[in-house]
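Go ahead and model the full structure; you've got the sequences and the hints to work with.
Chains as they are written, first to last, in the numbering used here: chain A, 14 to 316; chain B, 14 to 316.
Hints may be right or wrong, so weigh each one.
The list treats identical chains as interchangeable, and a pair is accepted whether it falls inside one copy or across any two copies.
The calculated DSS-like cross-link candidates involving lysine-lysine, where the alpha carbons are at most 30 angstroms apart (straight line), are [unchecked claim]:
1. Lys157 / Lys115
2. Lys219 / Lys157
3. Lys46 / Lys28
4. Lys155 / Lys26
5. Lys28 / Lys115
6. Lys28 / Lys155
7. Lys26 / Lys115
8. Lys115 / Lys48
For the record, the hints were derived by calculation from the structure and aren't laboratory data.
2 protein chains.
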Amino acid sequence: MDNMQDLYPSRTKRKIDMFERLDPVVYGDTTGKYKGPLSSEELQSFDDNGFLFFDQFFSEDDIAEFRQELKRLCEDDSLRGWDGVIREPNGDEVRSVFEVHKISNCFNRLSRHPRILDRVRQLLGSEVYIHQSRINYKPGFKGKGFNWHSDFETWHAEDGMPRMRAVSCSIILTDNNEFNGPLMLVPGSHKFFVPCVGPTPEDHYKNSLKIQQTGVPDNDSLAQLIDLAGGIEAPKGPAGSMLLFDCNTLHGSNANMSPYPRSNVFFVYNSMENRTTTPYAANRRRPEFLAARDHIPLTPIEE
Amino acid sequence: MDNMQDLYPSRTKRKIDMFERLDPVVYGDTTGKYKGPLSSEELQSFDDNGFLFFDQFFSEDDIAEFRQELKRLCEDDSLRGWDGVIREPNGDEVRSVFEVHKISNCFNRLSRHPRILDRVRQLLGSEVYIHQSRINYKPGFKGKGFNWHSDFETWHAEDGMPRMRAVSCSIILTDNNEFNGPLMLVPGSHKFFVPCVGPTPEDHYKNSLKIQQTGVPDNDSLAQLIDLAGGIEAPKGPAGSMLLFDCNTLHGSNANMSPYPRSNVFFVYNSMENRTTTPYAANRRRPEFLAARDHIPLTPIEE
Numbered sequence: 014m015d016n017m018q019d020l021y022p023s024r025t026k027r028k029i030d031m032f033e034r035l036d037p038v039v040y041g042d043t044t045g046k047y048k049g050p051l052s053s054e055e056l057q058s059f060d061d062n063g064f065l066f067f068d069q070f071f072s073e074d075d076i077a078e079f080r081q082e083l084k085r086l087c088e089d090d091s092l093r094g095w096d097g098v099i100r101e102p103n104g105d106e107v108r109s110v111f112e113v114h115k116i117s118n119c120f121n122r123l124s125r126h127p128r129i130l131d132r133v134r135q136l137l138g139s140e141v142y143i144h145q146s147r148i149n150y151k152p153g154f155k156g157k158g159f160n161w162h163s164d165f166e167t168w169h170a171e172d173g174m175p176r177m178r179a180v181s182c183s184i185i186l187t188d189n190n191e192f193n194g195p196l197m198l199v200p201g202s203h204k205f206f207v208p209c210v211g212p213t214p215e216d217h218y219k220n221s222l223k224i225q226q227t228g229v230p231d232n233d234s235l236a237q238l239i240d241l242a243g244g245i246e247a248p249k250g251p252a253g254s255m256l257l258f259d260c261n262t263l264h265g266s267n268a269n270m271s272p273y274p275r276s277n278v279f280f281v282y283n284s285m286e287n288r289t290t291t292p293y294a295a296n297r298r299r300p301e302f303l304a305a306r307d308h309i310p311l312t313p314i315e316e
Numbered sequence: 014m015d016n017m018q019d020l021y022p023s024r025t026k027r028k029i030d031m032f033e034r035l036d037p038v039v040y041g042d043t044t045g046k047y048k049g050p051l052s053s054e055e056l057q058s059f060d061d062n063g064f065l066f067f068d069q070f071f072s073e074d075d076i077a078e079f080r081q082e083l084k085r086l087c088e089d090d091s092l093r094g095w096d097g098v099i100r101e102p103n104g105d106e107v108r109s110v111f112e113v114h115k116i117s118n119c120f121n122r123l124s125r126h127p128r129i130l131d132r133v134r135q136l137l138g139s140e141v142y143i144h145q146s147r148i149n150y151k152p153g154f155k156g157k158g159f160n161w162h163s164d165f166e167t168w169h170a171e172d173g174m175p176r177m178r179a180v181s182c183s184i185i186l187t188d189n190n191e192f193n194g195p196l197m198l199v200p201g202s203h204k205f206f207v208p209c210v211g212p213t214p215e216d217h218y219k220n221s222l223k224i225q226q227t228g229v230p231d232n233d234s235l236a237q238l239i240d241l242a243g244g245i246e247a248p249k250g251p252a253g254s255m256l257l258f259d260c261n262t263l264h265g266s267n268a269n270m271s272p273y274p275r276s277n278v279f280f281v282y283n284s285m286e287n288r289t290t291t292p293y294a295a296n297r298r299r300p301e302f303l304a305a306r307d308h309i310p311l312t313p314i315e316e
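This is the structure we're talking about:
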């Protein structure tokens, strides 16, 4: 391993206590090169809570187009056999498609939409590239939940992301309510790093996309952070709403108990100043569809 | 099988379509022998929705006492080895204790509390006995959810409950919110019976208490009933709140994603006019801790 010092050790044999984040949360501001549309209040809220929710950020027309494209990709026979398509454990139904910014013109354009990009570059105070992108489809009744986790913990340990300087963007394509397994977040949890116990299994990603068992924070730390936050939050809103959240914000979700499917588009923007190197706690890099190896700064599309 | 005609066939080889309930929902009224404290509006609401929620029905002092007793029972070494104590699959922690109206003076008295009994007898228009009682304890982070189901379907098929004339009472001992796996109900679903496919496995109860796979309604019927209802409901409130729901109301719950445990007391009141006989779709009766064999009408305690 030829990394510099590992500031966020994890997957260790013995438990290391959680500690305060060593990096800023918001890198930009309302002036200067990476100034953007987010107000001081919004930047402060992102800094405090680790996420920002934008109710109905995209129009119904936009959403209709994205949904159509999601459907097309889920049914695309030419993607059969490709690892970037994740199917239900006991069935043929598609649950996620990765690298949609590469295989779909529609989602490539969306990932470079100035309304998103301006905000993300403002938060990260730099040019950005896409570390991962995907669409998710949780069928009615069937979609399982995900336990609490920090994405950064995985991206650092398994993908070699050095510092906390990445933002996730989730655009919901279906209305979100308390019954269809909305994303839950622990406000303020992004300010602490919870090292996880146990080495990374070989080819861990093959199982972790379905159920994560390594890289999971311990219950005591989780309980402390939820206590500190005074509770959990699950932003809810109509289709077209957008959530931006810090790479280290703890999040999870419950099962979809409703008969209606839940779908979203997901982009991870990483700072060009924070490009991934070799994994900090895994023998091999994960495949490219999970962790980009080309680090090309995004250029906004013309609206 | 020496039952009379089976009005609610289930666990059949081939799928039978759902059909309208053949029994009343509310048997009593605001006058007469079984008159009670529920208003015409409340009776109508129970009739329409299949449940009634009473915010903070018991005081904090009452709840403190019930919680203390729950703790005592969960730690009671003399109950070790008894089938009526259900533990976590991978651990020692107690998840449910059955027949609490028999083994605990405190819960025996609670089950005969006039504030509950008057309402239940009014709904069922008759004397009542306890078909099943239990306390449930869902630890923080660990408590799993339950898929949608009708209790009546099981009580009919496996316990020989002839008709729909029973009411469940759940008293929550911890505050309920959207993150700790509250009970979810489908309003109006009690008006339809959804026959389930597949024969009852031998000793089915040993697994069904943990995860139910037989006696589960099909997704199409579920979706239809949720559509008809215009959605799902999850009554939430502080500790001490009480839910009364019809034996046939479809309900389920999600996992407890919060660090805080969730506990409740649960009594099933069956009408003396609806005493259980032999199972309608199982080879053997379930054990007594799940389905009472002594049908003794309850007498209210002096308050």
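Structure-based check of all given hints:
no. : hint            : verdict
1   : Lys157 / Lys115 : within (27 angstroms within a copy, 38 angstroms between copies)
2   : Lys219 / Lys157 : both (17 angstroms within a copy, 24 angstroms between copies)
3   : Lys46 / Lys28   : neither (42 angstroms within a copy, 65 angstroms between copies)
4   : Lys155 / Lys26  : between (35 angstroms within a copy, 24 angstroms between copies)
5   : Lys28 / Lys115  : neither (39 angstroms within a copy, 45 angstroms between copies)
6   : Lys28 / Lys155  : between (35 angstroms within a copy, 21 angstroms between copies)
7   : Lys26 / Lys115  : neither (38 angstroms within a copy, 48 angstroms between copies)
8   : Lys115 / Lys48  : within (27 angstroms within a copy, 69 angstroms between copies)
Hints 3, 5 and 7, counting from the list given before, are not met by this structure.
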